[in-house]
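*Asks:* Numbered according to numbering that gives the first Met the number 0, the sequence shown terminates at residue 98, and the numbering increases by one at each position without gaps.
To be clear, the hints were calculated from the coordinates, so they are not data collected in a lab.
Since the model is a prediction, treat every value here as computed from it, not as a measurement.
Just so it is clear, CB atoms sit at the ideal spot from N, CA and C, and this is done for glycine as well.
Heads up, a few of these hints could be off.
What the hints assert, rightly or not - Between beta-carbon pairs, the in silico distance windows are: (1) Ala12 <-> Ala78: 43 to 51 angstroms; (2) Ala20 <-> His54: 47 to 55 angstroms; (3) Arg92 <-> Gly70: 25 to 33 angstroms; (4) Asp6 <-> Gln75: 52 to 60 angstroms.
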Amino acid sequence: MSAITRDEVAHLARLSRLALADEELDHFAAQLDVIIGAVARVAEVAADDIPPSSHALPLTNVYRPDEVRPGLAPEQALAAAPAVEDDRFRVPRILGEEA
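Just need the whole structure built from these sequences, with the hints factored in.
*Replies:* Structure below.
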């Protein structure tokens, strides 16, 4: 029995706003079934005495202390800008927004 059905793939495609052909639904259902089976096999092997981890080797983040440093003056920051308006970068309007 398949872990995921063709209808479930169609539902996921709708949620993802993907237009899939009928043959693609069958193809992805088979692929997702293989993926779900592989995840299930890993779950079978996982032992309670092994802590979950995101990496095979432990990672340590190296942080530097936050220090206040001088920044650019508005004139310096805007010096190379292709367009400036009211001491700000001027960019093209997007998504039909009203001013």
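*Asks:* Of the hints given before, which are not true for this structure?
*Replies:* Structure breaks hint 2 only.
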